[in-house]
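As you go down the protein sequences, you meet chains A and B in turn.
Quick note on numbering: our numbering labels position 333 of the first sequence as 333, and the sequence is numbered without any gaps.
Quick note on numbering: our numbering labels position 116 of the second sequence as 563, and the sequence is numbered without any gaps.
Just so you know, these hints were derived from the structure itself, not from any lab.
Among the hints, a few may not be true.
Unchecked claim - Covered, in the sense of this in silico footprint (three residues per stretch, anywhere, with C-beta under 8 Å from a C-beta of chain A), are these stretches of chain B:
hint, stretch
1, 498-512
2, 748-760
Stated by the list, open to error - Estimated spans, in silico, between C-beta atoms of each pair:
hint, chain 1, residue 1, chain 2, residue 2, range
3, B, Val746, A, Leu283, 44 to 50 Å
4, B, His669, A, Val22, 22 to 28 Å
5, B, Ile737, A, Ile261, 35 to 41 Å
6, A, Leu257, B, Pro756, 34 to 40 Å
7, B, Asp611, A, Glu10, 21 to 27 Å
8, A, Leu257, B, Gly586, 41 to 47 Å
9, B, Ser744, A, Gln330, 56 to 62 Å
10, B, Glu769, A, Pro357, 49 to 55 Å
C-beta atoms are modelled at their ideal positions from N, C-alpha and C, and glycine is treated no differently.
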Amino acid sequence: MNTIKKNFAELLRYPSAAFGMVIVVILLGISVYTMFAIPYDEAVRLWRGGESVWYQNPRQAPPAWFNVFSAKKLPVSFAMSSASNQSARTVTTDAQGSSEIVDTYTFDFQYDEFPQELALYFTAKFGAKQPFTAITWLTPDGRTINVTTMSLRADQAYRFAQDEKFKRLMKGKEPVEALFSDPNAAEPTPLKGTYQLVITTSTFEKDSTVDTELVLHGQLYGWAGTDHLRRDLGIALLWGTPIALAFGLLAALGTTLTSMIISAFGVWFGGWVDEAIQRVTELNLVLPFLPILIMIGTFYSRSIWLMLGATILLNIFGGAIKTYRAVFMQVKESPYIEAARSYGASDARIIFQYLTPRIIPMLVPQLVTLIPTYVFIEASLAVLGLGDPILPTWGKVINDAQANGAPYQGLYYWVLEPAVLLMITGLAFALLGFALDRVFNPRLRGV
Amino acid sequence: MIETRSNNILTQAVVADPPPLLSIKDLRVWFELRRWAFSRAGYVRAVDGVTFDLGYGEAIGVVGESGCGKSSLMKTILGLNIPTSGSVTFEGQEVARLDRKGLRWYRSNIGYVQQDPFGALAPFMNVQRILEEKLIVGGIQSPAERLERIRKVMGEVKLHPADDYLEKFPHMLSGGQQQRVVIARAMLLEPKLIVADEPVSMLDASVRVEILKLLRGLQESHNLSVIYITHDLSTVRYFSRRIFVMYAGQIVEKALVDDLLNNACHPYTQALLTGTSEPDAANARTFKEIPPGEPPSLVNPPAGCRFHPRCARAIAGLCDKEQPPETSPAEDHLVSCWLVQK
Numbered sequence: 001m002n003t004i005k006k007n008f009a010e011l012l013r014y015p016s017a018a019f020g021m022v023i024v025v026i027l028l029g030i031s032v033y034t035m036f037a038i039p040y041d042e043a044v045r046l047w048r049g050g051e052s053v054w055y056q057n058p059r060q061a062p063p064a065w066f067n068v069f070s071a072k073k074l075p076v077s078f079a080m081s082s083a084s085n086q087s088a089r090t091v092t093t094d095a096q097g098s099s100e101i102v103d104t105y106t107f108d109f110q111y112d113e114f115p116q117e118l119a120l121y122f123t124a125k126f127g128a129k130q131p132f133t134a135i136t137w138l139t140p141d142g143r144t145i146n147v148t149t150m151s152l153r154a155d156q157a158y159r160f161a162q163d164e165k166f167k168r169l170m171k172g173k174e175p176v177e178a179l180f181s182d183p184n185a186a187e188p189t190p191l192k193g194t195y196q197l198v199i200t201t202s203t204f205e206k207d208s209t210v211d212t213e214l215v216l217h218g219q220l221y222g223w224a225g226t227d228h229l230r231r232d233l234g235i236a237l238l239w240g241t242p243i244a245l246a247f248g249l250l251a252a253l254g255t256t257l258t259s260m261i262i263s264a265f266g267v268w269f270g271g272w273v274d275e276a277i278q279r280v281t282e283l284n285l286v287l288p289f290l291p292i293l294i295m296i297g298t299f300y301s302r303s304i305w306l307m308l309g310a311t312i313l314l315n316i317f318g319g320a321i322k323t324y325r326a327v328f329m330q331v332k333e334s335p336y337i338e339a340a341r342s343y344g345a346s347d348a349r350i351i352f353q354y355l356t357p358r359i360i361p362m363l364v365p366q367l368v369t370l371i372p373t374y375v376f377i378e379a380s381l382a383v384l385g386l387g388d389p390i391l392p393t394w395g396k397v398i399n400d401a402q403a404n405g406a407p408y409q410g411l412y413y414w415v416l417e418p419a420v421l422l423m424i425t426g427l428a429f430a431l432l433g434f435a436l437d438r439v440f441n442p443r444l445r446g447v
Numbered sequence: 448m449i450e451t452r453s454n455n456i457l458t459q460a461v462v463a464d465p466p467p468l469l470s471i472k473d474l475r476v477w478f479e480l481r482r483w484a485f486s487r488a489g490y491v492r493a494v495d496g497v498t499f500d501l502g503y504g505e506a507i508g509v510v511g512e513s514g515c516g517k518s519s520l521m522k523t524i525l526g527l528n529i530p531t532s533g534s535v536t537f538e539g540q541e542v543a544r545l546d547r548k549g550l551r552w553y554r555s556n557i558g559y560v561q562q563d564p565f566g567a568l569a570p571f572m573n574v575q576r577i578l579e580e581k582l583i584v585g586g587i588q589s590p591a592e593r594l595e596r597i598r599k600v601m602g603e604v605k606l607h608p609a610d611d612y613l614e615k616f617p618h619m620l621s622g623g624q625q626q627r628v629v630i631a632r633a634m635l636l637e638p639k640l641i642v643a644d645e646p647v648s649m650l651d652a653s654v655r656v657e658i659l660k661l662l663r664g665l666q667e668s669h670n671l672s673v674i675y676i677t678h679d680l681s682t683v684r685y686f687s688r689r690i691f692v693m694y695a696g697q698i699v700e701k702a703l704v705d706d707l708l709n710n711a712c713h714p715y716t717q718a719l720l721t722g723t724s725e726p727d728a729a730n731a732r733t734f735k736e737i738p739p740g741e742p743p744s745l746v747n748p749p750a751g752c753r754f755h756p757r758c759a760r761a762i763a764g765l766c767d768k769e770q771p772p773e774t775s776p777a778e779d780h781l782v783s784c785w786l787v788q789k
């Protein structure tokens, strides 16, 4: 226990190690937070959900913080609904049971570009008589535009941009542009200020109610942006963290520990056991790793767990076995092992209690530096289209971005966000690993 | 005067009737040399026909230069090497025939003191763990009993107070303290025999005497038999009664310490004695007559007396043809040399 504390204190003497550790802790924190905030099933449902889940989001919108860096402020998406009391609602009911519901949405618009789209969603509850609604738009400069009137079905969507009648009313102007533009400007420019949308709905039955929702698809969305399916990239970036860490950690632990034990057995028992292990390792070293994984992914399954298993299996008999063997060969001849043999310690006891502990100082830094390697392998597989079909991961975001030509459309955020996360993860573990190496192997300290 | 070997002269002299603690008969330890994986290229005859008895409470010294087979002999006694032929008998039980339980009994009766005290202690275990390991392997289940035994034996090797040392790791101890821990480990299961492989050769001169005195004290208080292996004749007399001189896998001379020092018969023993340094200023100017050449290859040892290629007085036609028999020039003194024979 004391040694751990001492090593830890020594580790903190390296600023790079402290930096790496902070990042690793943050990544772990994100992972834990994600798993509680967005449970696995929820994440899978959201990521695989279609338009019905993601109707509130614009397509391929960069994250909202883009505005911080650009002079031209782009509209940020938002959604308001009467169900969550984001509208001012007045209800007047008469004796016959008919009522008039007025939802007034008020929002501030201070952007230099037009939004992508404006849409209204109605959820109406009625028996035989459909409610009737009228939509009115109030601009900051005091104009009132009567947009449309219509009868409501149980689920009704109204998209301003697709209303041809309204477009004709606005003399052929694009509806969203018409609603937001400054009438006095020569070029179409948005008018800044407070807009109001008044939805007046008449219901004709006693228990009939209507809920409304206003969705503005701006040019930007959320903290991570959206992809071609309106999905919030935040979910993939968040869930990518625990998946990447779990894959990296499990693969690194699995390969390192198994390699170490196999190597120790080979060295201890020697003879044909050692011979067999060495030949299998040499054979395995010349097998191409990635193509085999691609083959498994193509012909069998792309499940991340299968890929993890295959990665571990193919890496157990890797170069590490040879490195560990070299150390074990030396340790095997130590007098203390001879002493253990003389008092009759069993083979298993010698391997696990006397032989393997000697390699731990070498193993720990190696294990930590190995983690990003496997994180990258997982991402590479996803980029190659062999990502897990269900889980949202960093690699899959890059894959989607590439498939949808993100770089050619200037949607750099789509590629850069997962890529930066991958790089940060790699950097953190590398920094930590190098520092651990220096702590555990004092001979490197001067280097 | 000349008398071919009668097997029990020495043991009879040391202990009268009871059977010896350890009896080694015509022991051969050959290591197979392999060419490729299967074909045999020959044998390294590390130990080639060694016979001796060791009585209860008796200490013997085995001397010889590096590579003469003394370590192989020792490891065979410890059960680390399997004898090619011959037998090791401990208290009337042949070691090769012991079952699991018997082997545990045998091992608990032998303590092993190694040459390099730092290497002999696992660097990642503290003193308590190091000592406890042997007790766990030795089958002592109760942790309280283990700790009690550890404390007792640490007192015996004068590592007290024991609590100051239990938590320490080997690198925190001095060489002498490390060697005391090694001796404590050897003494843990109250053995009847201690095998000490050059126990002081890696220690400072000042510590050497202390460790030798400690070993000697333990030997006397516990009536231990000791096999003391060294290439340094000057430390042998500290507690050995008899000395065996080994050359190329064989024992060439067995004698009581004083007898050997004063009246060495084998030319090799004489050379060894000449080679021993004494702190004498005159040594700086004198040239010592030492035999030329190196110990022979154990794969193809010379025919006849194995020392004859290096022996200045070798008799052509005899020494290089026939192996000399063991003869006894004096009481308790056996030597294998044609020169003594003639």
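* For which of the previously enumerated hints does the structure constitute a violation, in increasing order of number? -> 1, 2, 3, 4, 5, 6, 8, 9
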